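Participant: Based on the provided sequences and hints, a complete structural model is requested.
24 is the number that UniProt numbering gives to position 24 of the sequence shown; each next residue is one higher, with no gaps.
Just so you know, the hints here were simulated from the structure itself, not pulled from any lab data.
Where hints are given, some of them may not hold.
Once the Cα atoms are required to be at most 27 Å apart in a straight line, the calculated DSSO-like pairs of lysine-lysine come out as [stated by the list, open to error]:
id, residue 1, residue 2
1, K190, K138
2, K190, K225
3, K98, K29
All values derive from a computational prediction rather than experimental measurement.
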Amino acid sequence: MSKPASLRKLLETNKPILVPGIYDALSAKIAQQVGFEAVFHTGYGTAATLLGVPDIGLVSFSEMKERVSNICNSIDIPVVADADTGYGNSLNTMRTVKDYIRSGASGLILEDQVWPKKCGHMKGKAVIPIDEMESKIKAASQSRKEEKSDLVIVGRTDSLAIEGVDQAIDRVKRYHKAGADVLFIEAPDKIDELELIAKQVKLPLLLNQLEGGRTPLITMEQAKKIGFKIILFPLTSLYSSTKAMFDSLSYLKKHQTSVGIEDQLVTFDKFNKIVNYDDFIKLEKNFLIKNNYEYSLIFSLQISIPLYSLDNPSNFFIAFLNLFSFSID
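Facilitator: Printed below as a string of C-alpha coordinates:
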(Lines of atoms letter the chains of each structure in order from A; the text may use other names.)
(Lines give C-alpha, C1' and ligand atoms only; values in the text may rest on other atoms or scores of the structure.)
Protein backbone atom coordinates (compact mmCIF):
# COMPACT_ATOMS: atom_id res chain seq x y z
CA MET A 1 0.00 0.00 0.00
CA SER A 2 1.32 3.44 -0.90
CA LYS A 3 1.93 5.97 1.86
CA PRO A 4 -0.86 8.30 0.61
CA ALA A 5 -3.22 5.31 0.63
CA SER A 6 -2.09 4.51 4.18
CA LEU A 7 -2.96 8.05 5.23
CA ARG A 8 -6.41 7.75 3.69
CA LYS A 9 -6.91 4.47 5.51
CA LEU A 10 -6.13 6.22 8.81
CA LEU A 11 -8.74 8.86 7.97
CA GLU A 12 -11.34 6.15 7.43
CA THR A 13 -11.00 4.79 10.97
CA ASN A 14 -13.27 5.98 13.78
CA LYS A 15 -10.43 7.18 15.98
CA PRO A 16 -8.60 10.53 15.88
CA ILE A 17 -5.07 10.63 14.48
CA LEU A 18 -2.33 12.15 16.62
CA VAL A 19 0.22 13.81 14.33
CA PRO A 20 3.45 15.47 15.49
CA GLY A 21 5.21 18.22 13.60
CA ILE A 22 8.74 17.50 12.38
CA TYR A 23 11.17 19.80 10.62
CA ASP A 24 13.96 17.65 9.19
CA ALA A 25 14.89 14.05 8.46
CA LEU A 26 16.23 13.41 11.97
CA SER A 27 13.10 14.59 13.77
CA ALA A 28 11.03 12.57 11.28
CA LYS A 29 13.00 9.39 12.01
CA ILE A 30 12.57 9.88 15.75
CA ALA A 31 8.81 10.38 15.35
CA GLN A 32 8.54 7.15 13.37
CA GLN A 33 10.69 5.21 15.83
CA VAL A 34 8.60 6.21 18.85
CA GLY A 35 5.49 4.92 17.08
CA PHE A 36 3.62 7.72 15.30
CA GLU A 37 1.62 6.65 12.25
CA ALA A 38 2.03 9.91 10.32
CA VAL A 39 3.92 13.19 10.64
CA PHE A 40 3.49 16.81 9.59
CA HIS A 41 6.31 18.74 7.95
CA THR A 42 6.18 22.19 9.51
CA GLY A 43 7.06 25.25 7.47
CA TYR A 44 7.53 27.18 10.71
CA GLY A 45 10.17 24.69 11.77
CA THR A 46 11.75 24.67 8.32
CA ALA A 47 12.11 28.46 8.32
CA ALA A 48 13.76 28.33 11.74
CA THR A 49 16.12 25.41 11.11
CA LEU A 50 17.01 26.14 7.48
CA LEU A 51 17.38 29.91 7.54
CA GLY A 52 17.09 30.88 11.20
CA VAL A 53 14.12 33.14 10.44
CA PRO A 54 10.47 33.38 11.56
CA ASP A 55 7.57 31.89 9.61
CA ILE A 56 6.73 34.95 7.52
CA GLY A 57 7.11 33.62 3.98
CA LEU A 58 10.89 33.83 3.58
CA VAL A 59 11.49 30.19 2.58
CA SER A 60 11.27 29.67 -1.19
CA PHE A 61 9.31 26.92 -2.90
CA SER A 62 12.46 25.12 -4.03
CA GLU A 63 13.92 25.20 -0.51
CA MET A 64 10.69 23.88 0.98
CA LYS A 65 10.39 21.16 -1.66
CA GLU A 66 13.92 19.94 -0.97
CA ARG A 67 13.17 19.70 2.74
CA VAL A 68 9.95 17.79 2.01
CA SER A 69 11.84 15.37 -0.22
CA ASN A 70 14.54 14.74 2.38
CA ILE A 71 11.95 14.04 5.06
CA CYS A 72 9.77 11.79 2.90
CA ASN A 73 12.74 9.71 1.78
CA SER A 74 13.99 9.21 5.33
CA ILE A 75 10.92 7.44 6.78
CA ASP A 76 8.28 4.85 5.91
CA ILE A 77 5.19 6.59 7.30
CA PRO A 78 3.01 9.24 5.59
CA VAL A 79 4.13 12.87 5.58
CA VAL A 80 1.63 15.72 5.44
CA ALA A 81 3.61 18.60 3.96
CA ASP A 82 3.20 22.31 4.52
CA ALA A 83 2.50 23.79 1.08
CA ASP A 84 1.81 27.29 2.44
CA THR A 85 -0.29 29.18 -0.12
CA GLY A 86 0.81 27.06 -3.07
CA TYR A 87 3.51 29.66 -3.80
CA GLY A 88 1.48 31.77 -6.19
CA ASN A 89 -1.74 31.49 -8.16
CA SER A 90 -3.59 28.37 -9.26
CA LEU A 91 -0.97 27.49 -11.87
CA ASN A 92 1.81 27.80 -9.31
CA THR A 93 -0.26 25.64 -6.99
CA MET A 94 -0.50 22.93 -9.65
CA ARG A 95 3.27 22.81 -9.92
CA THR A 96 3.69 22.83 -6.15
CA VAL A 97 1.30 19.91 -5.71
CA LYS A 98 2.87 17.85 -8.49
CA ASP A 99 6.38 18.42 -7.17
CA TYR A 100 5.33 17.60 -3.61
CA ILE A 101 3.76 14.36 -4.82
CA ARG A 102 6.93 13.47 -6.71
CA SER A 103 8.93 14.30 -3.59
CA GLY A 104 6.93 11.72 -1.65
CA ALA A 105 4.30 13.73 0.21
CA SER A 106 1.19 11.79 1.25
CA GLY A 107 -0.80 14.90 2.07
CA LEU A 108 -0.41 18.65 2.06
CA ILE A 109 -1.96 21.72 3.64
CA LEU A 110 -2.99 24.63 1.43
CA GLU A 111 -3.95 27.90 3.08
CA ASP A 112 -5.83 31.00 1.95
CA GLN A 113 -3.49 33.69 3.23
CA VAL A 114 -2.10 36.44 1.04
CA TRP A 115 1.54 35.77 0.15
CA PRO A 116 3.92 36.37 1.86
CA LYS A 117 2.05 34.53 4.59
CA LYS A 118 2.59 34.42 8.34
CA CYS A 119 2.29 31.80 11.02
CA GLY A 120 -1.42 31.34 11.65
CA HIS A 121 -1.09 32.43 15.28
CA MET A 122 0.61 35.74 14.46
CA LYS A 123 -1.10 39.09 14.00
CA GLY A 124 -1.37 40.95 10.71
CA LYS A 125 -2.69 38.16 8.48
CA ALA A 126 -4.74 38.74 5.33
CA VAL A 127 -6.70 36.26 3.22
CA ILE A 128 -7.40 35.99 -0.50
CA PRO A 129 -10.98 36.01 -1.89
CA ILE A 130 -12.84 32.75 -1.39
CA ASP A 131 -13.28 32.07 -5.11
CA GLU A 132 -9.53 32.41 -5.65
CA MET A 133 -8.85 29.82 -2.97
CA GLU A 134 -11.50 27.52 -4.43
CA SER A 135 -9.64 27.74 -7.73
CA LYS A 136 -6.37 26.78 -6.04
CA ILE A 137 -7.92 23.73 -4.42
CA LYS A 138 -9.48 22.69 -7.72
CA ALA A 139 -6.06 23.07 -9.32
CA ALA A 140 -4.51 20.96 -6.55
CA SER A 141 -7.17 18.30 -7.05
CA GLN A 142 -6.53 18.27 -10.80
CA SER A 143 -2.79 17.87 -10.19
CA ARG A 144 -3.48 14.96 -7.87
CA LYS A 145 -5.57 13.32 -10.57
CA GLU A 146 -2.92 13.85 -13.24
CA GLU A 147 -0.26 12.33 -10.98
CA LYS A 148 -2.55 9.36 -10.21
CA SER A 149 -1.98 9.95 -6.51
CA ASP A 150 -4.06 9.34 -3.37
CA LEU A 151 -2.70 12.60 -1.94
CA VAL A 152 -4.79 14.00 0.93
CA ILE A 153 -5.53 17.71 0.50
CA VAL A 154 -6.11 19.75 3.65
CA GLY A 155 -7.91 23.03 2.98
CA ARG A 156 -6.97 25.65 5.57
CA THR A 157 -8.52 29.04 6.21
CA ASP A 158 -7.01 31.83 8.30
CA SER A 159 -10.13 33.95 7.93
CA LEU A 160 -11.49 33.41 11.44
CA ALA A 161 -9.39 36.21 12.92
CA ILE A 162 -10.31 38.52 10.04
CA GLU A 163 -13.89 37.72 9.01
CA GLY A 164 -15.25 35.77 11.98
CA VAL A 165 -16.19 32.16 12.64
CA ASP A 166 -19.29 32.03 10.42
CA GLN A 167 -17.35 33.12 7.35
CA ALA A 168 -14.54 30.70 8.20
CA ILE A 169 -17.04 27.84 8.37
CA ASP A 170 -18.53 28.87 5.03
CA ARG A 171 -15.07 28.97 3.48
CA VAL A 172 -14.05 25.46 4.51
CA LYS A 173 -17.35 24.01 3.34
CA ARG A 174 -16.70 25.48 -0.08
CA TYR A 175 -13.11 24.24 0.00
CA HIS A 176 -14.45 20.74 0.59
CA LYS A 177 -16.68 21.01 -2.47
CA ALA A 178 -13.66 22.19 -4.46
CA GLY A 179 -11.73 19.02 -3.56
CA ALA A 180 -10.26 19.30 -0.05
CA ASP A 181 -10.43 16.05 1.94
CA VAL A 182 -9.75 17.52 5.38
CA LEU A 183 -10.68 20.99 6.63
CA PHE A 184 -8.70 23.26 8.90
CA ILE A 185 -9.86 26.51 10.51
CA GLU A 186 -6.78 28.11 12.02
CA ALA A 187 -6.55 29.65 15.50
CA PRO A 188 -9.96 29.39 17.22
CA ASP A 189 -9.35 30.84 20.68
CA LYS A 190 -12.21 29.33 22.68
CA ILE A 191 -13.56 25.84 23.33
CA ASP A 192 -16.99 27.13 22.30
CA GLU A 193 -15.61 27.98 18.86
CA LEU A 194 -14.12 24.51 18.48
CA GLU A 195 -17.48 22.97 19.33
CA LEU A 196 -19.33 25.29 16.95
CA ILE A 197 -16.95 24.49 14.09
CA ALA A 198 -17.32 20.74 14.57
CA LYS A 199 -21.10 21.01 14.87
CA GLN A 200 -21.48 23.14 11.74
CA VAL A 201 -18.94 21.49 9.45
CA LYS A 202 -19.49 17.75 10.11
CA LEU A 203 -16.59 16.79 7.85
CA PRO A 204 -13.04 15.59 8.63
CA LEU A 205 -11.44 18.38 10.66
CA LEU A 206 -7.89 19.17 11.71
CA LEU A 207 -7.18 20.72 15.12
CA ASN A 208 -3.92 22.65 15.44
CA GLN A 209 -2.46 22.44 18.96
CA LEU A 210 0.36 24.96 19.13
CA GLU A 211 1.92 25.46 22.54
CA GLY A 212 1.72 29.17 23.35
CA GLY A 213 -0.68 29.80 20.46
CA ARG A 214 -4.23 31.09 20.41
CA THR A 215 -6.08 27.77 20.48
CA PRO A 216 -6.64 26.09 23.88
CA LEU A 217 -4.73 22.84 24.39
CA ILE A 218 -7.07 19.90 24.98
CA THR A 219 -6.74 16.14 25.36
CA MET A 220 -7.18 13.61 22.58
CA GLU A 221 -10.34 12.40 24.28
CA GLN A 222 -11.77 15.93 24.32
CA ALA A 223 -10.84 16.45 20.68
CA LYS A 224 -12.53 13.20 19.70
CA LYS A 225 -15.65 14.08 21.67
CA ILE A 226 -15.87 17.51 20.02
CA GLY A 227 -15.44 15.96 16.58
CA PHE A 228 -11.88 16.50 15.30
CA LYS A 229 -10.13 13.86 13.18
CA ILE A 230 -6.50 14.99 13.00
CA ILE A 231 -4.94 16.36 16.18
CA LEU A 232 -1.79 18.18 15.16
CA PHE A 233 1.04 19.22 17.49
CA PRO A 234 3.23 21.05 14.97
CA LEU A 235 5.90 22.56 17.21
CA THR A 236 6.30 20.24 20.20
CA SER A 237 9.46 18.64 18.80
CA LEU A 238 10.94 21.96 17.66
CA TYR A 239 10.31 23.73 20.96
CA SER A 240 11.56 20.80 23.07
CA SER A 241 14.75 20.38 21.03
CA THR A 242 15.38 24.13 21.09
CA LYS A 243 15.12 24.20 24.89
CA ALA A 244 17.38 21.15 25.18
CA MET A 245 20.04 22.85 23.03
CA PHE A 246 19.81 26.07 25.01
CA ASP A 247 20.18 24.18 28.28
CA SER A 248 23.07 21.94 27.21
CA LEU A 249 25.02 24.67 25.40
CA SER A 250 24.53 27.10 28.29
CA TYR A 251 25.92 24.45 30.63
CA LEU A 252 28.86 23.82 28.28
CA LYS A 253 29.65 27.54 28.05
CA LYS A 254 29.50 27.97 31.82
CA HIS A 255 31.35 24.81 32.89
CA GLN A 256 33.51 24.25 29.78
CA THR A 257 32.70 20.53 29.88
CA SER A 258 29.74 18.24 29.34
CA VAL A 259 30.56 16.26 32.49
CA GLY A 260 27.44 16.39 34.63
CA ILE A 261 24.85 16.44 31.84
CA GLU A 262 25.62 13.16 30.09
CA ASP A 263 22.25 11.81 31.19
CA GLN A 264 20.58 14.65 29.25
CA LEU A 265 22.25 13.65 25.99
CA VAL A 266 21.50 10.80 23.63
CA THR A 267 24.30 8.25 23.69
CA PHE A 268 26.67 7.64 20.79
CA ASP A 269 25.24 4.15 20.22
CA LYS A 270 21.63 5.32 20.50
CA PHE A 271 22.19 8.09 17.97
CA ASN A 272 23.78 5.67 15.51
CA LYS A 273 20.75 3.44 15.93
CA ILE A 274 18.38 6.34 15.19
CA VAL A 275 20.11 7.04 11.88
CA ASN A 276 20.30 3.31 10.98
CA TYR A 277 24.07 3.04 11.05
CA ASP A 278 24.04 -0.78 11.11
CA ASP A 279 21.94 -0.88 7.94
CA PHE A 280 24.58 1.11 6.08
CA ILE A 281 27.35 -1.14 7.36
CA LYS A 282 25.48 -4.12 5.90
CA LEU A 283 25.12 -2.31 2.57
CA GLU A 284 28.79 -1.47 2.64
CA LYS A 285 29.72 -5.13 3.09
CA ASN A 286 27.36 -6.19 0.30
CA PHE A 287 28.17 -3.61 -2.34
CA LEU A 288 31.57 -2.00 -1.78
CA ILE A 289 34.45 -3.72 -3.56
CA LYS A 290 36.51 -5.95 -1.28
CA ASN A 291 39.81 -4.34 -2.16
CA ASN A 292 38.50 -0.84 -1.53
CA TYR A 293 41.26 -0.23 0.99
CA GLU A 294 43.91 -0.82 -1.71
CA TYR A 295 42.38 1.97 -3.80
CA SER A 296 42.32 4.15 -0.72
CA LEU A 297 45.97 3.34 -0.12
CA ILE A 298 46.98 4.19 -3.69
CA PHE A 299 45.04 7.46 -3.55
CA SER A 300 46.63 8.37 -0.22
CA LEU A 301 50.10 7.55 -1.51
CA GLN A 302 49.59 9.73 -4.56
CA ILE A 303 48.63 12.68 -2.40
CA SER A 304 50.90 12.27 0.59
CA ILE A 305 54.22 10.79 -0.56
CA PRO A 306 55.36 14.03 -2.26
CA LEU A 307 55.30 15.58 1.22
CA TYR A 308 58.19 13.32 2.24
CA SER A 309 61.75 13.35 0.99
CA LEU A 310 62.21 10.21 -1.04
CA ASP A 311 65.97 10.67 -0.67
CA ASN A 312 65.62 9.25 2.83
CA PRO A 313 64.35 5.60 2.72
CA SER A 314 63.39 5.62 6.40
CA ASN A 315 61.05 8.60 5.87
CA PHE A 316 59.39 6.85 2.95
CA PHE A 317 58.94 3.64 4.94
CA ILE A 318 57.35 5.52 7.86
CA ALA A 319 55.00 7.33 5.48
CA PHE A 320 54.03 4.06 3.82
CA LEU A 321 53.20 2.38 7.14
CA ASN A 322 51.15 5.35 8.33
CA LEU A 323 49.13 5.45 5.13
CA PHE A 324 48.53 1.70 5.18
CA SER A 325 47.25 1.92 8.75
CA PHE A 326 44.99 4.86 7.84
CA SER A 327 43.53 3.01 4.85
CA ILE A 328 42.71 -0.10 6.85
CA ASP A 329 40.85 2.00 9.44
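Participant: All the hints need checking, so say for each whether the structure fits it.
Facilitator: Each hint tested on the structure:
1. Using a Cα cut-off of 27 Å, the hinted pair K190 and K138 is violated, with the two alpha carbons roughly 31 Å apart.
2. Between the alpha carbons of K190 and K225 the distance comes to roughly 16 Å, so the proposed pair stays at or under 27 Å and holds.
3. Of the pairs offered as hints, the one joining K98 and K29 holds, with about 24 Å between alpha carbons and a cut-off of 27 Å not exceeded.
When each numbered hint is compared with the structure, a violation occurs for hint 1 only.
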